[in-house]
Amino acid sequence: MLWYLSKRILRIPFVLLSISFVIFYISKNVPQDTVLNILELEGKAEQNNSTDGYTKVDYLQIAKQNNLDLPNFYFGLRPSHFPKNRAIFPSDKKQENEYLQQEKRISFPVFQWNGANNQYHKWLANISKGNFGISFIDGKQVSNKIWDAFQWTIILVIISILLSFILGISLGVFSKTTKQRRTAEFFKMLSYLLYAIPVFWFATIMLIFFTTDDYGSWTNIFPTISVIDPTEQGFWGKFASSGKLLLLPILVTTLHALGYISRQMESSLSQEIGKPYARTALSKGLTYRSMVTKHGFKNAILPIITLLSSAIPGTIAGSVIIETIFNIPGLGRLIFQSIMVADWNVVFGVVFLVAIITSVSFLISDLLYAKSNPKIRLDTA
Amino acid sequence: MQIIKRIFRFIRGRKRGRIALWIILSLFIISLLAPFIANDIPLVCSSKNGIEFPVLSKLWNGSSQYSDACTWTVKPLIPYSQKSIDIQNGRFVSPLEGQVVSSLRYRHWLGTDALGRDSLAGLLYGSGIALRIGLFAALIAFLIGIFIGTASGYFGNNSLKLNFVQLIILFLCVLLLGYQLSFGFFFGYEKDSMWEVGASIIILLSGTIGFSKTQNLLQQNIRFPLDNIVLWIFEVYKSIPNIFFILVLLSIFAKPGITSLVLTIAFVIWPIIGRYTRAEILKLKEEDFIKSAETSGASSWNIITKHLLLNAIGPALVSFAFSFSAAILLEASLSFLGLGLAVEEVSWGSMLSEVKNNYRAWWLALFPGLAIFLVISALNYIGELIGEYFDQN
Amino acid sequence: MNILNFIESNVPMQIKLNWSIKILFCLVMCTACKTDTPIPENLETLNIRLKKDPNKLNPVFNPSASSREVYQYIFVPLADYHPETLELFPILIEKIPDAQVLTDDPYEGDLAFDITIKDDAVWSDGLPITAADYAFTVKAVKLPTTNARAWRSLFKYIKNVIPDKENPKKLRVIMDKDHMLAKEIALTSYILPKHIYDKNSSLNKFPNDVSFENDFVAEGDIKSFSDTFNSAATLREILIGAGPYTLESWTTNQSIVLQKKSDYWGNNYPENPFLQAGSIKMVFKIIPDENTALTAFKGNQIDVLPTSNAGLFEELQNDENYKDQAHFLSPSLMRYYYIALNNADEKLNDKRVRRAIAHLFDMETIIKTIEYGYGDRTIGHFNPSKSYYNRKLQPIPFDIYKANMLLNEAGWTDTDGDGVVDKNLNGKKVQMDLEILITGSQLSENISLLVQDAAKKAGINLTITRKKMSLINSENIGPKKYNLVALVISQDAAPDDPYSRWHSDNIKEGRNYYSYSNPEADKLMEDIRSEKDESKRDQLYLQLQEIMYEDQPVIWLYCPRQKIIVDADLDAKQTSKRPGYLANTFTPKVAAVN
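Residue numbers (our numbering), protein chains in the order written: chain A, 1 to 381; chain B, 1 to 393; chain C, 1 to 594.
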């Protein structure tokens with residue numbers, strides 16, 4: 001058991017390393033010019049050498065500041081007729097590119113070793129010190145930015161998941177054990193409804209109809225949301241006003257997940273009830289209800305636990321839409337905005353955080369699964 | 001195949017199953033017939049050049065030219081296509097209020113959007129987009145997921161044996177392919193000619209085919225840890241939020257459109273199917289009938305196709321149905337955010353996003369949302385019924 | 001693990017259901033009490049909506065529109081354009097000086113301005129504003145290692161700053177004779193307090209007329225000065241200005257709170273709109289989504305709502321429940337939307353083709369339907385509010401037939417019957433396939449869809465491509481590889497200098513991205529620069545507009561009006577100065593009790 005556990009834990013840094021490589025690779029292949037982005041955010045980013053806009057010196061200065069003049073990776077494979085160091089300034093780069101492409105030679109790749117003096121290495125070195133760098137947009141520390149956003153999202157996620165799981169599981173069991181078929185059918189349809197309604201639609205409808213007096217004052221049941229009242233002092237004041245902000249989003253997320261969880265619970269229970277041991281229990285004299293709640297439940301709950309571990313990262317990612325609609329400064333909105341402006345430091349920070357959370361939660365769920373089902377314990381890596 | 005027939009019969013046996021099947025069927029039919037039901041060019045035009053069929057010729061070769069002077073025409077039921085701009089009725093005209101139209105035939109029965117595009121036509125054409133994107137994305141994801149999931153589940157870490165030569169060939173091919181694809185990455189240049197990529201792919205393919213046919217030249221066999229690699233891929237996928245892949249992939253494609261969306265969604269969905277399939281295969285592998293087939297000497301290929309897949313088809317179909325609905329939902333969400341489709345295209349998601357500009361346009365929120373909801377629930381229900389069918393057997 | 005035990009225990013389902021309902025109930029009760037804040041009475045707090053977080057509030061670096069909306073109450077320049085008269089109005093200085101032309105070396109021909117700073121003008125910490133601060137600001141901006149790039153290109157025309165030997169509040173600024181806007185640059189610049197931003201007086205070693213080389217390398221204390229000056233603290237925290245407010249708190253992406261200065265010297269000048277402080281606190285709430293902002297306004301959580309959504313603006317005015325709660329300002333700011341055309345492109349180099357494209361824009365309908373009437377047509381580069389706007393030129397009408405005729409005249413006809421005109425260029429048949437690049441905002445999408453429709457009828461095949469602005473700049477506008485791009489230009493009340501954007505000298509390396517070249521127009525632009533007599537210059541402007549109207553190097557669309565919803569209890573005036581309102585001048589409508 002311990003061996004299994006340590007093998008799993010050792011995977012985590014390996015996976016994180018691969019994620020870092022994937023993101024780095026993607027960030028270098030997406031058609032963006034980071035230096036231009038920085039220049040544009042700082043002043044004019046018009047491409048000329050004259051009166052206004054940036055000069056070549058400006059460009060190279062910023063490139064050097066951000067290590068963008070170094071090669072990308074530890075090694076490189078280049079055709080033998082390409083020069084060793086490439087130009088950085090866009091117009092120089094284009095010229096060089098065109099010139100080289102014109103020579104239609106087939107040359108074999110030559111291995112070029114860059115050593116530790118490359119962007120990837122320096123970036124990793126910073127990360128290992130805990131320095132995620134600064135965001136290109138506002139110059140703030142990435143860790144601060146992410147921490148602020150994280151607080152919002154984690155509250156939203158944890159409360160929604162807790163509520164939806166507790167309610168969903170109860171609902172699933174309820175519809176299996178109750179004698180009132182019509183109520184069970186009703187809840188079944190309700191679950192379908194909640195799961196199938198697109199979240200952004202649901203959220204927008206709630207926002208339009210239920211927060212203002214437009215359609216009659218009786219619909220004005222949810223608090224108007226905008227931002228936290230900055231004049232509120234003290235813990236309870238802040239808690240109350242952020243609670244207001246989060247009420248509707250939590251409601252929407254919970255209801256959506258609820259539908260899914262209760263359906264899953266019900267189908268999982270159906271599977272268990274079909275198994276031989278359930279029939280044995282019934283023939284032993286247990287009531288249907290207690291068979292389900294005592295025995296069937298324990299086995300049916302396991303796939304749901306697996307769901308729990310995938311629900312956390314899923315909800316974090318899926319919160320993009322909710323956070324945009326309800327104006328919550330959380331992780332989803334942060335990663336969306338950062339990718340749009342190619343602020344890779346922030347993007348990686350968020351992905352890193354989510355990756356750690358995901359790995360840990362999957363680890364826990366796999367352990368639980370392996371603990372309960374010895375058949376798959378040995379093989380699942 | 002008989003299984004599919006049996007599944008259909010099962011679904012039709014349930015009342016709600018019938019409704020769900022009807023919904024999906026109507027989705028197909030509407031998406032095929034949309035250009036004939038709602039279009040701004042006539043179906044039949046009789047002029048001095050003879051009888052022409054403008055709608056058909058537009059579908060056939062994209063040209064919407066037809067002689068202007070038609071002596072008599074047969075127009076489609078709804079005289080607008082989803083892109084027809086009727087600026088007189090711009091600014092979000094409601095279906096309930098008076099409209100500036102020449103006759104009742106030209107009335108916008110479900111309202112318009114900011115530019116006066118007909119909402120009903122948008123619904124009809126949007127079904128085609130939802131269907132195409134959902135179906136193809138789910139299909140591609142399904143095929144890739146099944147292939148990789150089965151391979152990984154069956155071969156595990158220990159079964160796939162390659163000899164030394166095959167391993168070297170594989171390694172070189174991967175390196176070459178990687179070099180071609182990552183040329184820009186390693187050296188910061190963009191390569192114009194892709195023929196080298198093509199050559200590498202061909203070499204890789206022949207290498208792969210080679211390894212299944214080569215005789216064992218050297219006796220030393222090295223176990224190829226397929227399962228570990230696949231699991232590593234799955235973990236990386238799980239940890240990175242979907243939105244990241246989606247945004248990045250969409251920015252890579254030069255022209256936004258259905259193709260880019262299909263590929264992006266398929267890219268994001270296949271690990272889910274793969275993981276699910278792998279779990280199922282793992283369970284099935286331990287079953288007795290597989291073990292007996294193995295001991296009786298059937299080749300891996302036989303076992304996989306004849307026994308494993310047949311039994312795993314159930315859960316696979318369930319996941320297909322669910323990924324179909326997930327793909328439709330994903331497309332709607334992306335169109336809602338303004339990503340993926342070209343500016344002229346109208347889909348259910350893009351109609352929903354117009355509500356953001358004008359809350360009063362409830363018809364733009366209600367009808368497309370309802371359509372998405374119906375299709376998704378129908379697909380989900382069908383998926384569940386398939387699951388039930390296989391649970392019972 | 002606790003949860004697992006909880007679930008696996010034998011607690012019956014009913015009780016679990018009860019507990020979860022109770023938890024839910026408690027949470028809901030704690031937070032959901034519907035307490036909307038009441039309408040502010042004595043203007044304790046003015047709540048203003050900001051569309052996005054400005055990220056930086058220091059005016060010397062990157063003055064973006066949203067940062068200006070906030071920093072204009074913290075920092076004030078020496079002088080600025082009065083919001084109503086649009087003339088230069090002194091703020092920190094006693095009066096607007098006249099330019100004096102110097103006659104002796106080394107500044108022969110250059111302009112000198114003698115500036116006297118007001119005696120009682122002090123910074124937030126009470127220290128007086130002096131000429132040393134001006135000199136410091138100029139040096140800090142000119143220093144190549146600071147990030148004040150936006151100003152550097154203008155400040156290079158400041159040749160010297162000579163403080164008066166006796167009075168620290170007097171100084172003489174010497175401007176390069178070549179520049180048309182010498183007075184504006186000298187007077188409307190923001191200055192920063194030297195004792196805050198250069199505590200170690202590192203820049204003292206440079207003389208006031210220093211000019212740095214492009215490859216200047218900072219070392220030692222200059223390097224540490226640059227690093228501190230460029231740091232986030234300067235941009236976001238240490239904001240010491242001469243305006244009526246100070247920064248009290250800034251919660252990123254949530255809100256920015258400004259607090260009125262007590263004992264503010266500006267109170268001695270009640271007729272100066274820049275120095276007023278109508279409310280004690282100003283809270284800027286950052287709400288990117290238009291609908292959320294509207295909901296917040298309806299819930300009395302914000303009092304001032306600038307919105308870009310014309311539909312929302314119009315709807316609220318017709319809404320029975322709310323229309324009395326607000327009044328609606330729609331000032332015309334000096335900016336215009338236009339479609340940039342690549343005049344060097346083989347398809348667009350004929351001015352008849354460009355004119356044909358201009359006929360494809362149904363501006364009346366666009367303004368009526370998409371902007372709900374909140375826009376004014378314009379025929380050229382100069383704003384209709386300027387005295388030299390050429391009123392005789394009529395806006396180009398929407399006429400698809402005429403567009404087609406012009407295309408035919410220019411040699412483009414549909415020879416192959418596919419609905420798209422073509423022409424034989426250099427032996428090859430070229431179709432009129434054009435691509436328009438837009439940033440993807442709702443407005444640009446709607447306009448481009450309308451044009452696409454009209455273009456199809458005229459025989460032009462127009463494809464619409466959404467692209468990020470930074471990519472458009474680097475991949476299309478920079479290397480001049482584009483057909484049409486939808487852009488916007490912001491201007492101000494100063495006299496316009498069309499040289500930098502429209503003169504053929506600036507095609508290769510300047511801002512003439514359109515490759516527009518007309519020798520007559522070039523000459524007029526050069527003359528405008530050197531002409532000092534205003535009425536003669538106006539004549540030159542008029543002639544230039546006629547020529548450019550004929551040429552249509554770009555297609556001028558319209559000047560949008562800013563749309564601002566203000567709470568009805570506030571006495572608010574609109575202004576043509578960006579952002580369209582001066583929040584510090586808002587007072588409660590009912591006379592305040594003294």
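Hints listed in this document are in silico derivations from the structure and should not be mistaken for laboratory results. Cβ coordinates follow ideal geometry from the N, Cα and C atoms, glycine included. Careful, some of the hints might be misleading.
As the list claims (entries may be wrong) - Here are some of the chain C residues that sit facing chain A, going by a computed Cβ distance under 7 angstroms:
1. Asn55
2. Val101
3. Thr103
4. Ser124
5. Asn272
6. Asp289
7. Asn476
Okay, the hints, checked on the actual structure:
1. Asn55: Holds: closest Cβ of chain A sits about 4 angstroms from C/Asn55, inside 7 angstroms.
2. Val101: The hint is violated - C/Val101 has no Cβ within 7 angstroms of chain A, the shortest such distance being about 23 angstroms.
3. Thr103: violated, 28 angstroms
4. Ser124: violated, 20 angstroms
5. Asn272: violated, 29 angstroms
6. Asp289: Because about 6 angstroms separates C/Asp289 from the closest Cβ in chain A, which is inside the 7 angstroms limit, the hint holds.
7. Asn476: With a minimum Cβ separation of about 11 angstroms from chain A (threshold 7 angstroms), the hint on C/Asn476 is violated.
Of the numbered hints stated above, those contradicted by the structure are hints 2, 3, 4, 5 and 7, listed in ascending order.
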